[in-house]
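Line by line, the protein sequences give chains E and G. The first sequence maps to residues 684 to 819 in this note's numbering. The second sequence maps to residues 684 to 819 in this note's numbering.
Where hints are given, some of them may not hold.
[As the list claims (entries may be wrong)] Here are the simulated lysine-lysine pairs, DSS-like style, with alpha carbons at most 25 angstroms apart:
id, chain 1, residue 1, chain 2, residue 2
1, G, Lys688, G, Lys725
2, E, Lys726, G, Lys770
3, G, Lys751, G, Lys725
4, E, Lys726, E, Lys770
5, E, Lys725, E, Lys688
6, E, Lys726, E, Lys688
7, G, Lys726, E, Lys770
8, E, Lys770, G, Lys770
9, E, Lys688, E, Lys770
10, G, Lys751, G, Lys688
11, G, Lys688, E, Lys688
12, G, Lys726, G, Lys770
13, G, Lys770, E, Lys688
14, G, Lys688, E, Lys770
15, G, Lys770, G, Lys688
[Unchecked claim] Residues from chain G shown here face chain E by an in silico Cβ test under 7 angstroms; the list is partial:
id, residue
16, Arg695
17, Ala799
18, Phe804
[To be verified] Coverage of chain G stretches by chain E, computed from C-beta distances (three or more under 8 angstroms per stretch; other residues unrestricted):
id, region
19, 713-721
20, 768-776
To be clear, the hints were calculated from the coordinates, so they are not data collected in a lab. Nothing here was measured: the structure is a model prediction, and the numbers come from that model. Where is the CB? At the ideal position from N, CA and C, for every residue including glycine.
Residues per chain are reported as follows:
2 protein chains.
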Amino acid sequence: MRLTKFTDYSVRVLIYAAMHAERLVTIDETAEVNTISRSHVKKVVLTLTQLGYLRGQRGRSGGFTLAKPPEEINIGELIRRTEPDFKLVECLGPNNACVLTPHCRLPPAMDRALAAFLQVFDEYTLADSVSGKLTL
Amino acid sequence: MRLTKFTDYSVRVLIYAAMHAERLVTIDETAEVNTISRSHVKKVVLTLTQLGYLRGQRGRSGGFTLAKPPEEINIGELIRRTEPDFKLVECLGPNNACVLTPHCRLPPAMDRALAAFLQVFDEYTLADSVSGKLTL
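Could you build all of it, start to finish, from the sequences and the hints given here?
Have a look at this one:
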């Protein structure tokens with residue numbers, strides 16, 4: 684069981700921006716320091732900007748920064764928004780063809796397990812996720 | 684976030700065997716009824732046999748059946764054994780290259796979230812997972 688790379692990279696980009704809150708960071712820099720491909724970082728930054736987590740500044744000395752204080756960025760909410768879905772097994776998705784579905788009592792367990800999983804992350808903000816304010 | 688198809692199919696094969704506890708079921712039948720490829724079912728049955736959940740009987744009228752009562756098959760334990768890993772993000776795995784690791788406080792949250800997730804399934808046995816004893 685894994686979270687997507689998109690979620691992993693989203694958390695990293697936000698942590699990186701939080702660690703450099705005093706200035707704009709660039710896509711090139713974020714990609715290089717974190718050894719993530721530029722195209723992945725670009726995609727993540729675009730999505731996080733659309734979701735209101737980052738704001739960008741165009742131009743030669745442009746870049747991006749957090750759009751709100753790290754204390755206001757909840758990790759549970761972030762994961763809910765960056766994961767494409769939480770269809771743990773086929774029957775939780777739209778194309779369920781499992782013939783056992785009418786006789787299976789596990790879907791409510793799946794829902795409960797997923798809720799318990801996300802509730803833990805609901806306790807954390809981006810501010811809790813970074814120790815100190817270090818420059819890499 | 685998803686469980687692997689291997690776990691999904693493992694649960695289905697065990698539920699199917701539990702629903703037909705009075706007789707041996709075959710790989711061909713399980714594949715056909717559940718519209719899972721024969722090779723997937725074969726792999727799952729082999730693993731579940733090795734793990735002590737199923738036992739097989741060779742020969743023309745052979746097949747497989749549960750190796751223990753459904754009340755003794757815990758779903759949490761099953762998922763722990765059928766998922767290849769629980770490395771939610773890169774830094775929980777063996778090839779971690781994330782430079783933020785020394786400054787990131789999220790790994791303990793990941794561990795807690797995963798434990799909370801699995802604990803829910805620990806409350807369920809295979810017997811709890813099947814409603815009634817129906818023949819498909």
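Against the structure, the hints come out as follows:
1. G:Lys688 x G:Lys725: holds, 14 angstroms
2. E:Lys726 x G:Lys770: holds, 23 angstroms
3. G:Lys751 x G:Lys725: holds, 20 angstroms
4. E:Lys726 x E:Lys770: holds, 23 angstroms
5. E:Lys725 x E:Lys688: holds, 14 angstroms
6. E:Lys726 x E:Lys688: Roughly 12 angstroms between the alpha carbons, so the hint for lysine 726 of chain E and lysine 688 of chain E holds.
7. G:Lys726 x E:Lys770: Answer holds: lysine 726 of chain G to lysine 770 of chain E is near 23 angstroms, not above 25 angstroms.
8. E:Lys770 x G:Lys770: The hint holds at about 18 angstroms.
9. E:Lys688 x E:Lys770: holds, 17 angstroms
10. G:Lys751 x G:Lys688: holds, 24 angstroms
11. G:Lys688 x E:Lys688: Between lysine 688 of chain G and lysine 688 of chain E the Cα gap is close to 19 angstroms, so the pair holds against 25 angstroms.
12. G:Lys726 x G:Lys770: OK: lysine 726 of chain G and lysine 770 of chain G at ~23 angstroms, within 25 angstroms.
13. G:Lys770 x E:Lys688: It holds: about 11 angstroms lies between the C-alpha atoms, which stays within 25 angstroms.
14. G:Lys688 x E:Lys770: Holds, at about 11 angstroms.
15. G:Lys770 x G:Lys688: holds, 17 angstroms
16. Arg695: The hint holds - arginine 695 of chain G has a Cβ within 7 angstroms of chain E, the shortest such distance being about 6 angstroms.
17. Ala799: holds, 4 angstroms
18. Phe804: It holds, given that the least Cβ distance between phenylalanine 804 of chain G and chain E is near 6 angstroms, below 7 angstroms.
19. 713-721: That given contact holds, which follows from 3 residues of the region 713-721 of chain G lying within Cβ reach (below 8 angstroms) of chain E.
20. 768-776: With 6 residues close enough to chain E, the hint holds.
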